[in-house]
Every structure is written in C-alpha cells, then in structure tokens.
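For chain A, the structure is supplied; the task is to place chain B on it using the hints.
Read top to bottom, the protein sequences are chains A and B.
What the first sequence shows, in numbering that gives the first Met the number 0, is residues 0 to 368, in sequence order.
What the second sequence shows, in numbering that gives the first Met the number 0, is residues 0 to 346, in sequence order.
Because the hints were derived from the structure by calculation, they are not lab data.
Quick reminder that beta carbons are idealized off the backbone N, C-alpha and C, glycines included.
Hints are not guaranteed to be accurate.
[Stated by the list, open to error] Quick list of the computed label-pair ranges, beta carbon to beta carbon:
no.: 1; chain 1: A; residue 1: Arg202; chain 2: B; residue 2: Met230; range: 20 to 26 angstroms
no.: 2; chain 1: A; residue 1: Lys218; chain 2: B; residue 2: Ile316; range: 41 to 47 angstroms
no.: 3; chain 1: B; residue 1: Ile40; chain 2: A; residue 2: Ala205; range: 53 to 59 angstroms
no.: 4; chain 1: B; residue 1: Thr287; chain 2: A; residue 2: Gly224; range: 24 to 30 angstroms
no.: 5; chain 1: B; residue 1: Gly314; chain 2: A; residue 2: Phe317; range: 42 to 48 angstroms
[What the hints assert, rightly or not] Chain A residues, not near chain B, derived (Cβ > 12 angstroms throughout):
no.: 6; residue: Val44
no.: 7; residue: Ser54
no.: 8; residue: Ile58
no.: 9; residue: Ala109
no.: 10; residue: Val125
no.: 11; residue: Ile159
no.: 12; residue: Arg173
no.: 13; residue: Thr179
no.: 14; residue: Leu200
no.: 15; residue: Gly207
no.: 16; residue: Leu208
no.: 17; residue: Ser233
no.: 18; residue: Leu280
no.: 19; residue: Ile324
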Amino acid sequence: MSAPRTKKATPFLSTVIHQPYIWAIVALVLLLVINLIKDPGYLGVSFNAGTGNLSGNLIDILRASAPVMMIAVGMTLVIATRGIDLSVGSVMAVSGAVSMQFMSTADGSAGTAFAAAGLALAVSAVLGVVNGLLVSVVGLQPFITTLITMLAGRGLAKVITAGQNTSASNEPFRWIANGTVFGFPVVFVIAAVIVAILAVLVRRTALGLMIESIGINPKAARMAGIRPIGILISVYIVSAVLAGVAGIFSTASVMTVEVAKTGLSSEMDAILAVVIGGTSLAGGKFSLTGSVIGALLIATLDKTIVFLSIPSSATPAFKALVIVIICLLQSQRVRALFARRRAQGRPTPPSSPSAPPNPASTRKETVSA
Amino acid sequence: MSTLLERPTSGPARSARPSLLTRLKPNLETLPTLAAVLIFIGMIVYGEIAYGRIVQANTISNLLINNSYLIILAVGMTFVILTGGVDLSVGAVIAISSLVGVMLANAGWNPIAVIVLMIVIGSAFGLASGILIQFFNVQPFIATLAMMFLARGLASMLSTTPERLEDDSPIRALSTEWTLIDGPKINDLVITPNVLIAVVVVLVAFFVLHRTRLGRTVYAIGGSEQSALLMGLPVVRTKLTIYVISGTLAGLAAVVYTSKLGIAQNITGVGWELDAIAAVIIGGTLLTGGAGFVLGSVVGALVLGLMNVLITRDGSIPPEATTIITGGILLVFVLLQRLVVSRKRKT
Numbered sequence: 000m001s002a003p004r005t006k007k008a009t010p011f012l013s014t015v016i017h018q019p020y021i022w023a024i025v026a027l028v029l030l031l032v033i034n035l036i037k038d039p040g041y042l043g044v045s046f047n048a049g050t051g052n053l054s055g056n057l058i059d060i061l062r063a064s065a066p067v068m069m070i071a072v073g074m075t076l077v078i079a080t081r082g083i084d085l086s087v088g089s090v091m092a093v094s095g096a097v098s099m100q101f102m103s104t105a106d107g108s109a110g111t112a113f114a115a116a117g118l119a120l121a122v123s124a125v126l127g128v129v130n131g132l133l134v135s136v137v138g139l140q141p142f143i144t145t146l147i148t149m150l151a152g153r154g155l156a157k158v159i160t161a162g163q164n165t166s167a168s169n170e171p172f173r174w175i176a177n178g179t180v181f182g183f184p185v186v187f188v189i190a191a192v193i194v195a196i197l198a199v200l201v202r203r204t205a206l207g208l209m210i211e212s213i214g215i216n217p218k219a220a221r222m223a224g225i226r227p228i229g230i231l232i233s234v235y236i237v238s239a240v241l242a243g244v245a246g247i248f249s250t251a252s253v254m255t256v257e258v259a260k261t262g263l264s265s266e267m268d269a270i271l272a273v274v275i276g277g278t279s280l281a282g283g284k285f286s287l288t289g290s291v292i293g294a295l296l297i298a299t300l301d302k303t304i305v306f307l308s309i310p311s312s313a314t315p316a317f318k319a320l321v322i323v324i325i326c327l328l329q330s331q332r333v334r335a336l337f338a339r340r341r342a343q344g345r346p347t348p349p350s351s352p353s354a355p356p357n358p359a360s361t362r363k364e365t366v367s368a
Numbered sequence: 000m001s002t003l004l005e006r007p008t009s010g011p012a013r014s015a016r017p018s019l020l021t022r023l024k025p026n027l028e029t030l031p032t033l034a035a036v037l038i039f040i041g042m043i044v045y046g047e048i049a050y051g052r053i054v055q056a057n058t059i060s061n062l063l064i065n066n067s068y069l070i071i072l073a074v075g076m077t078f079v080i081l082t083g084g085v086d087l088s089v090g091a092v093i094a095i096s097s098l099v100g101v102m103l104a105n106a107g108w109n110p111i112a113v114i115v116l117m118i119v120i121g122s123a124f125g126l127a128s129g130i131l132i133q134f135f136n137v138q139p140f141i142a143t144l145a146m147m148f149l150a151r152g153l154a155s156m157l158s159t160t161p162e163r164l165e166d167d168s169p170i171r172a173l174s175t176e177w178t179l180i181d182g183p184k185i186n187d188l189v190i191t192p193n194v195l196i197a198v199v200v201v202l203v204a205f206f207v208l209h210r211t212r213l214g215r216t217v218y219a220i221g222g223s224e225q226s227a228l229l230m231g232l233p234v235v236r237t238k239l240t241i242y243v244i245s246g247t248l249a250g251l252a253a254v255v256y257t258s259k260l261g262i263a264q265n266i267t268g269v270g271w272e273l274d275a276i277a278a279v280i281i282g283g284t285l286l287t288g289g290a291g292f293v294l295g296s297v298v299g300a301l302v303l304g305l306m307n308v309l310i311t312r313d314g315s316i317p318p319e320a321t322t323i324i325t326g327g328i329l330l331v332f333v334l335l336q337r338l339v340v341s342r343k344r345k346t
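In isolation and in its complexed conformation, chain A is listed as follows:
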C-alpha cells in the first residue's frame, strides 16, 4: 500500500524496496571490503598457465557456494508454494551415503561415477516424491511432512552405511568437486547451468506464475484452473534432487560421507539464503536471483570467518539471528510501522492519503490476531 506513494516521491527508494536483495549485495561487498582491508591481495585471481586453472579466494567462494546455491534454489521454489523443505540436509546425507556406499565396492571408472551419481539422485528424487505426495495428495502440512523425512532421512543415511562414515576412491567423481572447466570449479559450473535451466523454466514459461499463484492463494489458483498436485509434487522433487546434487558436491570433495554431519543444519543455510534473497517465508513471489546472491553471501560469510580466524562456533547463532530479524522485517506490523514513519517524514501531501490505509491495516491485524 505504501509502494505507489513512494514510487511517486522517490523512485530510487522504491527500486530499493522492490529489490530486497540489494541489501544482500551491500553485505556481500562489505564482507569483501573487510577481507580486502585485512589482506589487500584478497580479491586477486591468478591464472595458472600450466594447468589452465584460475585460483584465488574468489574462486574458493564460488566453489563453496555451489552446494548452498543448489539447496537454496530448490527451497525457493518450495517456499514460494507456501511450503518448506526441512529435509534438504538429510537428503544431502542420503545422496552422499548412497554414492559413497556404491563406489566403495565398485571400480574407479568414470562409468561407476556416473552410476553412483545417478543412483544418488534417483534416491533423492524418491524422497522428493514422498514429500510431494504427502503434501499435495494427502494434504499434510509441509513442515510436518519434511520434518519426518528430515529425521527419517538421517536415519536412512545411517542405515545405508551401517552407521559408518563410508569412504571411496574414484577419480572422476572426485573431479566433480576438485576439477575445473575453463578455469572455473566444476561444481560452480554445474550449479550455474542448473540454476540457468531452472530460471528459464520458471520465468520463460507460466510455471513460475503458477507456483507463485499457489503460494499467494491456493484456493484462487485452483479456481483459475491451476492443478496444484502436479506442481507441488514437482517442486518437492526439484528441491530433493537439487539437495542430492548438493550432497554429491559436498561429499565428492573429501570422498567421505559423514552420516551424522553431512548437510547438518543445511536447511538453515537454505532458508537463510532464501529470506536474504527477498522471498517471503509466507509464500508467493519468489526471486531465484535473490536466493543465488543469498547463497553467495553465505559462502562469503563462511570463508570470511575462517579468513579472519574468528571462532566459527558463533556462525550458526549469528545466522539464526539474521533469520529472526528478517522474519521481523517481513512481518506486517514492522512494515506498517515503517510506512507510517515514512508518511510522517513528509508532512505535506502524502500524509492525507496515507491516513486511511493505516487504521485499516491495524484493524485487519487485530481481527486476524
């Protein structure tokens, strides 16, 4: 309700409001500047002519951002439908466990690597189907469904490896995490390609609109002829498969799956990336670009904390605090407060048109409260 008014008054402010991930970009630049102060050569990217590889801190950040980017993009689509996928971290562990367990008994050929990855993604997809069916067909609340798959999935990963941290050796599989394509890390290239494909799928077709309409008003979406079941199942499958990809990324670098630790609290990173990117946890409009920037920010934050040798034990609490703060900022009450304050700042014409919406919004709140 405040948007049209501000658009007339200050166009710059309105663009800032319309692109919430501008703050993520600011934070990203800020972190890089902090690193730059600590070490002026931080942003340097060197080219190794012998191997054709790029190396440097920025490349490391890109490499580290790939798994977060995968789960964040999947989570964005799920959250856009008013759902949530708490199981991403466990699906990562399951995917890693399946691939490592498969390769630990097979030979080290490229075919084995492909089969392992395929099998891991297939198992992830099955978990996604379970989530999707329970949410769409049965009509269970998403958080309870994915809470079950989150805890049962962690158990499943432990059952697959019999509770062991299985290791395997397979050079082609390892290449996924440690190799490079045109100098860039393979994981980042794969992630970028997947994100690009998904972006085209949801933005160049009506799919994105359908997802948003389900999130904004499921009943109206159904009245408008959108079949929610297929779309809901698809987004949960996409989320699970992307989590499977993330699981392959994060286990391939060490070629070991730690069943209790792989992907632990990754759902927090994914949710954090999504909310930083400006997608509301209440569903509806989503921004894949925002989530990708959110993932880059999280990877940069993680790397910065290591770089500045700050104890990393404080990171989860800090991330959680950011989620709480963004939740507060996204709430109606705080928005109404900001809108009122902005209206008070300009006493002349805008104060009179802003007067009616405010009581209306507060009245709506008291009824819904």
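Just chain B now, with coordinates in the frame of chain A:
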C-alpha cells in the same frame, strides 16, 4: 466446552462448521486416544509373548524413568498443538538449557539457582516464539524453527563437546532411585523424583486444560481462532501463554534429562521435537488443533518408549532405524486422523 462451541451455531450463516464439530466431538476426542491405549496394551502383550519380562516391576519403572523427560515435553507440545500451532524448538531448547545448567553447576553455582535458570531459559525461548507468532504474525512453525536454529546455534557457541555434570552435584539428586516395592532380585518397583515431577506436570496440565478458563480457551482457539476472538476470549494472552508453557516445560525436561544422564551437549535433543509431536499425535490430539487429551499424549510417549524397549530387546533392528520407525508411526497416525476426519465430514 460445548457451551463455547454452541454459541456460534445460533447464527445462521456460521452454522456449518461448529455444528459439525460438536457432532464429531465425542468420536474425535475419545476414539484416537482409545486406539492409543489399545496399541499400548497390544505392544505390552506382544512384547511379553515374543521377548518376555515386559510386565514386571523393573521394566515398568525403567519405562517411566527413561521417558519422564519425553512425557513432560509431550505435555507442553499438547498445549501448542491443541491451538493448531506447533513448537519445533523444544529439542534445541533442551540442548542450550542443559548445557548452561551443567556448565554453571560445574562452575559452583547454587543448584537451586541453576535449576531455576534452566527453566527460565526455556520460558524465555517460548516467550520469544510467542511474541514472534502473536505480534508479528509469523507462522508458528517458522517462528519456532527460527528459535530452534537460534538455540542450537547458541548451544554450539557454548560448547561442541559433551559437558559432564560432576557426579556429586546436587542436581543428580533428582534421579535418586527410591525403591517402593523391593521385589525379588532386581525386580523392584523404583521411581525417581523425576518421575514424580512428570506426574505432577501431567496432573496440573490435565487440571488446567479441563477445569480452567485457560484450558477452555486453548480448545476454543484450536476449534476456530476467529470464533474464539469474536466470542471475546483472550486469544492473544492465551497463545502467548501456551508458547511460554511449552518453553518452560522444555526447560523442565532439560533439568530432568540432565539430572538423569549427567551429560549435556550441543547436539542433545536432536529430533526430540519429532518424538514429542509423535507422542501427542499418537495420543489422539488432532494436528489441526481443537481436540485431544493430555493423558493421551502421556500414553503416546509411553508407546514410543515401549517401542524403544522392544527394538532393543529384538536386536535385529539397527538402532539407527528408530527415527525411521518413529517417523513412519507418526505418518500413519496423521493419515488415520485425516481419514477419520474426512469420512466424518462426508457423512
């Protein structure tokens, strides 16, 4: 309860839902809880036949002693689920509360102060969730999820290694074993102060839910929050209160658990929110709120505890699979609930 629900039925426009609810009420409230009791008895009978040594004093005592924390958690969760909400933060709250408790107790703090502080930590997290939900319109699962992340994060800030409570700490006194009936060999009926705490919690919760205004309001909010508000019930205050209750009981469960085990870690209580939700759902409380019994949740907690006993006795099921089974049982019960509710709606 019935008077609360009947009032809206007098209005012609709103007659559909509440009247249906009143008609469903006897079945919905008693049937699932009855099913839980039958399952519990069935599990006892099966266990006695298949493995033996189930119906005897020390097994029953251990069941109560080992699950007193879960019973307390389930009671808190019952309040929240009855209003149609959920509290995902309880497991993480136990982690932070027990870590703080153990570290302060080892630092020489007065044990009473430590216990009070542990409970207050739980209340504080509950209050934070409640404020987020009530005043900022955040969905319950998101608000409590954020609190879960926060509590878990703070816990890992404190320590990532197991902290051991000194054996002579007075807090351990809560798990002193009192032998009530001295049976042959080790077959004694034993209870600990922890069990008594759990029993008191259950009795107080039963009284509050069924004999006080707060309890009636809880049920009314679960039936229809809008109606409760229109009836002039203190919805805001009640919803805040139930999240504080849930948090406080999580803090109390942390005291009980810490005194029994004597170890606290940042990963303590991972997945306990699922156990608590499962106990409540198995006990016959509707996930959508409005109907259920706190005594049912106790039975649900005991069913889960007995399941663990049976899995251990059986030995062929890997312990890692326990969470899968818990998840599966929860799923089956939620599906049954939906089936019962939708069938009743049709007829």
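query = isoleucine 40 of chain B and alanine 205 of chain A, beta-carbon distance inside 53 to 59 angstroms?
reply = holds, 55 angstroms
task = Could you check that no beta carbon of chain B comes within 12 angstroms of the beta carbon of leucine 280 of chain A?
result = Not fine: 5 angstroms to the nearest Cβ puts leucine 280 of chain A too close to chain B.
request  = Find the nearest Cβ of chain B to the Cβ of threonine 179 of chain A and say whether that gap is larger than 12 angstroms.
outcome  = holds, 34 angstroms
message = Verify this label for me: valine 44 of chain A is non-interface relative to chain B, using a Cβ-Cβ cutoff of 12 angstroms.
response = holds, 33 angstroms
inquiry  = So serine 233 of chain A supposedly isn't at the interface. Is its beta-carbon more than 12 angstroms from every beta-carbon in chain B?
reply    = holds, 22 angstroms
ask   = Can we confirm that no CB of chain B comes within 12 angstroms of the CB of glycine 207 of chain A?
value = holds, 23 angstroms
inquiry  = Using Cβ atoms and 12 angstroms as the threshold, tell me whether isoleucine 58 of chain A really stays out of contact range of chain B.
reply    = The assertion about isoleucine 58 of chain A holds, with a minimum of 29 angstroms to chain B.
query = Closest CB-CB distance from valine 125 of chain A to chain B, is it above 12 angstroms?
reply = holds, 14 angstroms
ask   = For alanine 109 of chain A, which was marked as not at the interface, is the minimum beta-carbon distance to chain B over 12 angstroms?
value = holds, 32 angstroms
query = Is the hinted range of 20 to 26 angstroms satisfied by the C-beta distance from arginine 202 of chain A to methionine 230 of chain B?
reply = violated, 47 angstroms
task = Test the statement that isoleucine 324 of chain A is away from the interface with chain B: the closest C-beta pair must be farther apart than 12 angstroms.
result = Incorrect as stated: the minimum Cβ-Cβ distance to chain B is 10 angstroms, not above 12 angstroms.
inquiry  = So serine 54 of chain A supposedly isn't at the interface. Is its beta-carbon more than 12 angstroms from every beta-carbon in chain B?
reply    = holds, 31 angstroms
Consistency note: the structure conflicts with the earlier hints numbered 1, 11, 18, 19.
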